[in-house]
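Participant: Below, each chain spelled out in residue letters.
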Amino acid sequence: MELEPFYLSAKLAFWTMLIIPFIAAPIACMLAFGRFAGKSAVDALVSLPMVLPPTVLGFWLLVIMGPQGTLGMLWENVTGQRLVFSFTGILLASLVFNLPFAVQPLRAAFEKLDHRLLESASILGLSRTQAFVRVIIPNSLGGLAASSILVFAHSLGEFGVILMVGGSIPGETKVASVAIFEAVEALRFDDAFLMSAALVPVSFLVLVLINRINRRR
Amino acid sequence: MAKTSTLSVAVQKSLDHYDLDVDFTCEAGSLTAVVGPSGAGKTTLIRIIAGLERPDSGQVCLGDTCWTDTDSGVFLHARKRKLGLVFQEYTLFPHLNVRKNVAFAASDQDRVDRLMSLFGISHLADKRPSAISGGERQRAAFCQALARDPVLLLLDEPFSALDAGTRRSLRSELKDIKSELDIPVLHVTHDLEEAEYLGDSILAVDHGHVSPDWFSGQMCSLRSMHSSIYQGSSL
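Chains as they are written, first to last, in my numbering: chain G, 679 to 895; chain Z, -12 to 222.
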């Protein structure tokens, strides 16, 4: 059984889990407390990766991140490297794909906060950003933990988007799900069975952890 | 902003069942008790003064500085008004201990210590709000509001969720402390005796309007009720 794809999957899940709260928390805060024109559209846009087939999302990301795409060209100009078929590329794709899974639990946690705490923060002289950092986040740690764990688990199982954006480069983009797919394609069922079996307890443990956090909240 | 300024309020706002239309002043160093039946518009008035709501029209000024003036389009955000507000329910931050709550917006740490000692909660410094009693939480809320050295203190039924004994004790502490505060204090309460005990002046609001008759009428009824109870018990 190949172990490298597992290492890559864990690395991808770890970095996605680490980076995504910085993107998801402000968006969740804006959706939970903000009153602005086009809120429904922003909400729908953030949730879009949840309903789009992963191959469709992967295709559009490939277009944007490819050598002719806006982001791909910009990245190549700055770093001299290609964005697609690289670990950075699949990490970016993973962030986009996981965004709704990070935003939803955080938004729910923010909406559960006692609104008077925010009024208190305001009366005590805090700006919106200060209130976000000093009041909202510390009182939503359960939601933040649930969101991070969900994203970690979800990243471990990513397939369609990763295959479209990253292909299957050993040591770079060939994550566990892609390795399982290739093993099946090559009729190496024993390998596929072992790799698949290894992912089950990890996912199970993650779900148990999320349930425990949700019960505490 | 210099202290010892007078709060002057003249605001109008359409509410669900009536219009709020209130005009009054509150001198620095004095406590104005705002009384009235439930739903009279007292809390809305406090929220407008605090900058948590906007009036349809009118002004909220402290001394020469207008915080809200619909005519000239002035609306100073609540965070810039530098006021203290104690709500009916406890609004201490649950993730912080008592001392960190009190010091949350304070610039002078000595003032934090002095206030905590004055309100008798120094020994609770390391406790979380969930680990102390309702009365202690309200004492901490008072300290938090005053630690900022506010230019105006707003109290929105701060004792209503407390038991009678704690209420009496906090009421008496507030009476002692208010003489040291050189700022206007607005105290919303539905308890007429509390209003009479604490208030240097009374502002009765009924159905959104200032109604001095409402307060005198209610006090008459209260006194005659007390008198009948007394006579009944002496028979």
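Keep in mind that the hints were calculated from the coordinates and are not lab data.
Misleading hints may appear alongside valid ones.
Derived lysine to aspartate or glutamate pairs resembling EDC-like cross-links, with alpha carbons at most 20 angstroms apart [unchecked claim]:
no.: 1; chain 1: Z; residue 1: 162; chain 2: Z; residue 2: 14
no.: 2; chain 1: Z; residue 1: 87; chain 2: Z; residue 2: 58
no.: 3; chain 1: Z; residue 1: 162; chain 2: Z; residue 2: 181
no.: 4; chain 1: Z; residue 1: 69; chain 2: G; residue 2: 789
no.: 5; chain 1: Z; residue 1: 67; chain 2: G; residue 2: 797
no.: 6; chain 1: Z; residue 1: 162; chain 2: Z; residue 2: 136
no.: 7; chain 1: G; residue 1: 790; chain 2: Z; residue 2: 169
no.: 8; chain 1: Z; residue 1: 87; chain 2: G; residue 2: 863
This structure is a prediction, so every number in the text was calculated from the model and none was measured.
Participant: All the hints need checking, so say for each whether the structure fits it.
Facilitator: Outcome of the hint check:
no.	hint	result
1	Z:162 x Z:14	holds, 16 angstroms
2	Z:87 x Z:58	violated, 40 angstroms
3	Z:162 x Z:181	holds, 10 angstroms
4	Z:69 x G:789	violated, 27 angstroms
5	Z:67 x G:797	holds, 13 angstroms
6	Z:162 x Z:136	holds, 18 angstroms
7	G:790 x Z:169	violated, 38 angstroms
8	Z:87 x G:863	violated, 60 angstroms
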